[in-house]
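Residue numbers (our numbering), protein chains in the order written: chain G, 1 to 309; chain A, 1001 to 1245; chain R, 2001 to 2553.
Possibly wrong hints are sitting among the right ones.
Keeping only pairs whose Cα atoms sit at most 25 Å apart, straight-line, the calculated DSS-like set for lysine-lysine is [as the list claims (entries may be wrong)]: (1) G/K193 <-> R/K2350; (2) R/K2302 <-> R/K2350; (3) A/K1222 <-> R/K2017; (4) G/K10 <-> R/K2137; (5) R/K2017 <-> A/K1223; (6) G/K306 <-> R/K2137; (7) R/K2062 <-> A/K1222; (8) R/K2017 <-> A/K1215.
Read the hints as simulated data drawn from the structure, not as lab findings.
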Amino acid sequence: MPQNFFYQEKGLFLQSLHPAASLTLIAAFFLLALCFSHPLYLLGLLLVILFSLWAADGLAAWESYLKAVLWLGLLIMLINALVNHSGSTILWRSPALPLLGQLSVSMEAISYGAAMGVRLLDVVSAFCLFNLIVHPDRFFSLFSTFARKSSLVVSLATRLFPLLLATLGQIREAQQLRGVDFSRGSLRERTVKNAALFNILLLSALEDSLQMAEAMQARAFGSGPRSRYRRDLFRPRDGICLAGVGFSLVAAAYNLARDLGSYTYFPQLGSLWGGNFSMIALAAVLLGLSLPALLSWGCNHWPYLKWKI
Amino acid sequence: MEKWKFPLFFLLVTGLLAFSIIADSPVKLNWSLLSAGIVGAAIIFLFRGFEQSPASTREIAVIAVLGAVAALGRVSLSALPNIQPVTFLVIVSGYVFGARTGFMVGSTAALASNFFLGQGPWTPWQMFAWGLAGASAAYFRAVFPGAGKWALALFQFTWGYLFGCMMNIWTWTAFIHPLSWQSFLATWAASLWFDSLHALGNVFFYLFFGGSVIKILNRVQKKIAVSRLPVQNIPPSNNHHYKTN
Amino acid sequence: MALFEVENLTYYYPDTKAPSLRCVNLAIEEGEFLLIAGGSGSGKSSLARALTGLIPNFYGGKIGGKVSYQNRDIRSWSRQDLAREIGMVFQDPEKQLVMTGVEAEVAFGLENLGLPQDEMFRRVAEVMSFLNLTALKAEFTSTLSGGQKQKLALGSVLAMQPHTLILDEPTSQLAPAAAEEFFHLIKRMNEEMNLTIVLVEQRLDRCFHLADRVVVMANGTIVQDGPPGESAVWLIANDLPFVPPVAALFARVGAPEIPLTVKEGRRLLKKILCCGNTPGTGQEQLKENLIDNDSEPVIEVKNLWFSYPNGREALRDINLLVAPGEFLAVLGENAAGKTTLLKQLVGLLKPNRGKVMIMGRDTRRAATHELAHYTGYLPQNPNDFLFQDTVEEELRFTLANLNLPDKGRVEQLLGRLGLIQHRHANPRDLSSGERQRVALAAVMVATPQLLVLDEPTRCIDYGMKATLGNWLQEIAAGGTAVVMVTHDVDFAAEYACRVVMLFDGRIAFDGPKHAALGSSMFYSPQIGRIFRGMDNNVLTLREALNRIPLNLN
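One chain only, chain G, in its complex shape:
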């Protein structure tokens, strides 16, 4: 079912966060993953995101994400290894090839590729978290203040999706019972059959769009300045999470300014252990980011905490 990835309300702590808080958290993950190049920083980030995914009951969903980006990750490592010639520890040299010349693969390029694979996982997992904890309507409503038409278009399209899926099923059944066999015939014949299916769907859906427009018009859409209905309460938990993320971002900026989050890959790998201070700084960043997941864990164990925040 295509709904596998669709947001499901499970009443989780992370789902109860204000969309501004959860979006900030995810944006921070995304931003930091692109800013850091230090392998330990990237790995640390991945751990925190996985922790949050666990708190969002999403490790199963994450696995399917993982499968989807696996080949991309492999490709990134391969390309990095082949195109990067700045490394000094050469592991393998190809014989001279036409057009491409001689290719070489260095230890450093492989390490860089591996680190970038982790970065990819960071970014993708952060988005997986987005899918799990941000309700689409709440996401749109956040944007509807400044983009009322566009957010309506996207929201309407998302709402129509399951409806069209059901309609498509009905059309298919009706065609089957008129003697259309979708599994028989050459590719051309089958395409013609499916084209009919698609045309009916498009025709019906576009006809319906007129009635949808009419209903929106009758409900005063586009008749004047619009306000925004906020159903999200801003709770202490949102404040704490935002503070945690803010703290991490400041700490990360400090790290980056002092060149702690970056790492020298070329021409020779630097030391992973960037000194005690670097590791403490990293721990500070990660702690701030894992605050939402920690609170989620805490709330599950101590109702008292849940009531208070």
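Given the structure of chain G, go ahead and fit chains A and R onto it with the hints provided.
Quick look at chains A and R alone, frame taken from chain G:
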């Protein structure tokens, strides 16, 4: 000025992206962040254009329906490698309804389908690339008004590669080092078979569905145009003869 | 001064030559409950849209005459003010919901009015508790049932606190129970909140008595305007079908007063029947309806069990035999398994346990498209069906799929269904009733031994219902078995000969319609309810007329 805002901005964005490819910049810039920022800004800008346009409720509903149908096509064919009807449908929408609608259909299809296939860092890039595909179809029509079936098929084919190219920019800036034209070509080469499938799929859908879909869309376009005409008033005297009936 | 004043209103949709409204004059008072009745194409929906200002603001076109609301021309109102005053609920709930979530949906109209947050929250809260929607607050709209969706659509309009509510066939997509609930809500709003209600309907048995005034439209004009009783008499005098069966019955027999509800009808009937008429047993009718089962059955279902992949057990131990020429109605509440059974009967779904035989072929061993040689299937929405450019091609498409020759069949069928003048028209340009006929023709052209229909009366008016019913009886008389899933008890009572009632995936009853519907408390047609206890074998108007002596006064 309003009329040129879109094309100018397209140029600016592509220029910046091109610059990011060739620049051997002395300053240490984070290209991955920069490219994401450029695309984000482009989408915001284009959406703003739509916000300020006089798009009617009907157009909004039609865009949403086309976006949802495209998304449905994408999701139901998600088992096939990169063969999906989104690009085809978006281009045809832009071709019939114009640049603004084309852009919105493209980006809506991307965002909506990813709610079901999984949002990812690719979402904004897909929104941008598909949106551009839709908008460019309108410009294609404006520049070559008499373009025949095969010209449009070629256009569809080209977009298969252009789309891949745009998606690669992200992979390339975020994960590849060094940023050189060789490494870009390598990234592109790696996705070549994938993009070729996309391009062939576009042509395939266009040749099989193109005629009927364009016919359907033209019908809708005509209906919208007719409803936008100013309301005519019947003078009271004309009204009279019904009373006797 | 009246709330609405319509003066000489004439309206043409863009690009049409015939007017949809011709010189309409109407006044609606504040707090009134007005019912607008009429067949499809009578202009009743156009009138409703003119009252909301959607005509001509949204549709364009040509307009003459004037609609004023509170003494001001409706076209001079700003859209926002108009939306605050007049709310409109449309036919299909699917096409008026905008957001993915329930709460956001209710708030949508309020946001468009630009209300402040506190006010919006208060109104959302009020409406949700008034309509019992609070439990669904966090649901996705796509998971709601049809009745819940329409209630949500009503709620999202009510939240805007309009003074007038205009409803365009709001229950045509709903099951009877949900429809009844919906009408009672509207009546309550009219009585308790003094909302002015304009209800456009073609199913009148549930709402005729609720209205203060009934307006009948035909061909774009108002042909009758008066209190329900008076309108009922007028409708019958002019032989129009838009009358609830109770009123039709007593008007036909010339009763001095026209009752509009079952309660009033029963009281009157008791008086009539007391004067010397003894209720008959009706056994003769029962016998007449029994089909001789000597011939090979079209459908044979044996111990059928079926569960959906998600684990829901939809059918349990179903046994069913359908003979050629039988006309079978399947009744039951929502989720009772009606649609599942129907899909089993045409081979779209295959049994988990037990077996289904169609014309002696086991559905598990035959692909759906092979079974299509024997079965015709008419879906609920004919739009799921039609895609060819002309009506004729639509029929030829079926023939081509099944490798059948034409031999003048297309021509003959189009003639029989009154479609011959539309043979070159695009089916999508036809009215909904005509579309359904095209779909029926496209099915019947293959002369199937089994015709299966899913809710065939959902979107059609009384007149077309009668025509459809007669066709189906004709088709059955020709030897085709007809199986129909329906909520429409009146239709089943009038035309079917056998009734199967499903409850929770099991057959609760299977037998001739008189035995099934005459003694049923809830699944009985309006006429049946009037005669219940007095003569359980009276279900239809025709039977009732035979029981009551004519010309009472």
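(message) Please list, smallest to largest, the hint numbers that this structure does not respect.
(response) Violated: none.
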